[in-house]
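Mind docking chain B on chain A? Use the hints.
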Amino acid sequence: MRRFLLVFFVKKLNLYLSGSKGKCGTFMFELIEGLKAAFRLVITFDPELWEISLRSLRVTLTALLIASLIAMPLGTYLAVQRFRYRRFVIAIINALMGLPPVVVGLIVYILLSRSGPFGVFNLLFTPTAMIIAQVVIITPLIASIAHQAMRELWAEYHDLLISLNTTKAQRIRTLIWDGRRNLLTAALAGFGRAIGEVGAIMIVGGNIDNVTRVLTTAIALETGKGDFALALGLGFVLIGIAVVVNLAIHALSRTEREGRW
Amino acid sequence: MKHILFVILALLLARPGAADGMRLAVTTSFDNSGLSDVLLPVIREETGIDVQLLVVGTGQALRLGEAGDVDAVLVHSRAAEEAFVAAGHGTHRREIMYNDFVLIGPADDPANIADAQNAAEALRRIASVQAAFVSRGDDSGTHKAELNIWIDAGLDTGTFGTWYRPVGAGMGAALNTASAMQAYVVSDRASWLNFGNVDGLAMLFSGDPALFNQYAYLPVNPVKNTAIKHEAATALEAWLTSPRAADLINGYTINGETLFVFNASPD
Numbered sequence: 004m005r006r007f008l009l010v011f012f013v014k015k016l017n018l019y020l021s022g023s024k025g026k027c028g029t030f031m032f033e034l035i036e037g038l039k040a041a042f043r044l045v046i047t048f049d050p051e052l053w054e055i056s057l058r059s060l061r062v063t064l065t066a067l068l069i070a071s072l073i074a075m076p077l078g079t080y081l082a083v084q085r086f087r088y089r090r091f092v093i094a095i096i097n098a099l100m101g102l103p104p105v106v107v108g109l110i111v112y113i114l115l116s117r118s119g120p121f122g123v124f125n126l127l128f129t130p131t132a133m134i135i136a137q138v139v140i141i142t143p144l145i146a147s148i149a150h151q152a153m154r155e156l157w158a159e160y161h162d163l164l165i166s167l168n169t170t171k172a173q174r175i176r177t178l179i180w181d182g183r184r185n186l187l188t189a190a191l192a193g194f195g196r197a198i199g200e201v202g203a204i205m206i207v208g209g210n211i212d213n214v215t216r217v218l219t220t221a222i223a224l225e226t227g228k229g230d231f232a233l234a235l236g237l238g239f240v241l242i243g244i245a246v247v248v249n250l251a252i253h254a255l256s257r258t259e260r261e262g263r264w
Numbered sequence: 256m257k258h259i260l261f262v263i264l265a266l267l268l269a270r271p272g273a274a275d276g277m278r279l280a281v282t283t284s285f286d287n288s289g290l291s292d293v294l295l296p297v298i299r300e301e302t303g304i305d306v307q308l309l310v311v312g313t314g315q316a317l318r319l320g321e322a323g324d325v326d327a328v329l330v331h332s333r334a335a336e337e338a339f340v341a342a343g344h345g346t347h348r349r350e351i352m353y354n355d356f357v358l359i360g361p362a363d364d365p366a367n368i369a370d371a372q373n374a375a376e377a378l379r380r381i382a383s384v385q386a387a388f389v390s391r392g393d394d395s396g397t398h399k400a401e402l403n404i405w406i407d408a409g410l411d412t413g414t415f416g417t418w419y420r421p422v423g424a425g426m427g428a429a430l431n432t433a434s435a436m437q438a439y440v441v442s443d444r445a446s447w448l449n450f451g452n453v454d455g456l457a458m459l460f461s462g463d464p465a466l467f468n469q470y471a472y473l474p475v476n477p478v479k480n481t482a483i484k485h486e487a488a489t490a491l492e493a494w495l496t497s498p499r500a501a502d503l504i505n506g507y508t509i510n511g512e513t514l515f516v517f518n519a520s521p522d
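The listed protein sequences derive, respectively, from chains A and B. Position in the first sequence (from 1) plus 3 gives the number in the working numbering. Position in the second sequence (from 1) plus 255 gives the number in the working numbering.
So that you can see chain A by itself, here it is in the shape it has in the complex (with noise of 0.2 Å):
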């Protein structure tokens, strides 16, 4: 009833919009031809934007992954953990939340290249490129975030921790898991930077046909070939996909729920 409902409307907007000439007109076609596109594509089960959606999906969540990784206990230690060039430490990572994509991208690349230093690997041009390229970009950004969080928790915990006489190790544990909540905020500013990226996957991925073409890449191409609709239906459901996504993970971790905070 209510896919209905929308067809009916977006078919009446059209009718509406298709009188009116001036260059706004033209923009709203374009968005409404976008939003057809996009429902278009997902309720055909279009296969080819399945597959390059989950290809995004897998490369973005995985590079998340090993971020979380690496910069969670980071951030959490340089909260806890005073030691002479800190504050040396902290601006460089607040520094690098800027780094440019395609910067990342070529470093990237060189690194990987065949003539470059690891390229007895022959990672360029795959998935697993990628996602390093996105490892590196959101890292930072996840560990800034992370260590704001945990320098007021520590604040909080600090006096009780260290009577306690905790070990370092300990202490690190107890802030990760008591602020887990600040922790998956952080988590998800990084999903949203690498799942929206583009410039450096662009390079490094090369953006070839069912091997490393993800949404960000797709629409880029679309964009390229004129094809605005596509290009914003494309955007659309990586929109959406970021929104089910961010959903799924407040539901499986309990979180925005009342009485809960």
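Hint data in this document are derived by calculation from the structure and do not stem from the laboratory. The beta carbon of each residue, even a glycine, is placed where N, CA and C say it ideally should be. Check each hint, because a few of them may be wrong.
[Claimed, not checked] One side only, chain A facing chain B, incomplete, derived with CB under 7 Å:
1. Ser116
2. Arg117
3. Ser118
4. Leu127
5. Gly227
6. Lys228
7. Gly229
8. Asp230
[To be verified] Far from chain B, by Cβ distances over 10 Å, these chain A residues were calculated:
9. Phe48
10. Met100
11. Ile165
Just chain B now, with coordinates in the frame of chain A:
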């Protein structure tokens, strides 16, 4: 509930089967024209080679070949190709097919290039009225062809004002930009015919021999590294120069217009 998450994760993390295909770096025009969608399935069927396309500009394609990251390149810039072979990066150069460049511009043609005698004359007219002109500016084959016509016209692009706009992008992106600015642009015929976002642009000038656009196939020199699939590259060359390829390339049309003309000579 947690188990479901783990199952999903396990499914997603499963190592994707490393497709073992030959890598071919091609120019954007080859892919944007839609010809690759016609040729690749037939190549897979008849030779068993799974050709993986890396769609980049001619400059980057040759760079990938130089690094030994692809097994062959299919590009269109003769001087750069000959330098590539001379430097030992490619084994040889084999001409496959040609099409031509066309001049695209706003349909009302403010510089009046439609009745110009030749391509150089057309560009001189654009320069004299300083009409907006989008240049690829990305060291691609099309960009080099455009620069050559400016040289023929006796003009130096370095002295141009803001009406000359190098965008540093692929053919499709440059056409999109020209469409938004209502500017003139040099495109290969195939990309133009396959372009969706026409919006007020029209093909204004074509047919000058200076606009001839030859595509050539260059296998990358296998001495660069052991991962280069030279046998597949040789087999692909044999197929690309076969009568079967000639039929498919000559028979590919958009709106009844032929896009490419096969001109490979038998060995």
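Next item on the list: Please verify that hint: Arg117 of chain A, Cβ, nearest Cβ of chain B, below 7 Å or not.
Entry: At 4 Å from the nearest chain B Cβ, Arg117 of chain A passes the 7 Å test, so the hint holds.
Notebook entry, point to check: Are Gly229 of chain A and chain B close enough, Cβ to Cβ, to be under 7 Å, as the hint says?
Noted result: holds, 3 Å
Check: Would the least Cβ to Cβ distance between Met100 of chain A and chain B come out above 10 Å?
Finding: holds, 26 Å
Next item on the list: Taking the shortest Cβ-to-Cβ distance between Ile165 of chain A and chain B, state whether it exceeds 10 Å.
Entry: holds, 33 Å
Notebook entry, point to check: Given Ser118 of chain A as an interface hint, is the shortest Cβ-Cβ distance to chain B below 7 Å?
Noted result: holds, 4 Å
Check: Taking the minimum C-beta separation from Phe48 of chain A to chain B, is that value above 10 Å?
Finding: holds, 18 Å
Item checked: Hint check, Lys228 of chain A versus chain B [nearest Cβ-Cβ separation less than 7 Å] -> Holds - the Cβ of Lys228 of chain A comes within 7 Å of chain B, reaching about 5 Å at its closest.
Notebook entry, point to check: Close enough to count: is the Cβ of Leu127 of chain A nearer than 7 Å to one in chain B?
Noted result: holds, 6 Å
Notebook entry, point to check: Is the shortest C-beta separation between Asp230 of chain A and chain B less than 7 Å?
Noted result: Hint on Asp230 of chain A: holds, closest Cβ of chain B at ~5 Å, below 7 Å.
Item checked: Satisfaction of the Ser116 of chain A interface hint, Cβ to chain B closer than 7 Å -> Holds. Min distance 5 Å.
Notebook entry, point to check: Holds or violated: is there a CB of chain B closer than 7 Å to the CB of Gly227 of chain A?
Noted result: holds, 3 Å
When the structure is compared with the earlier hints, no violation turns up for any of them.
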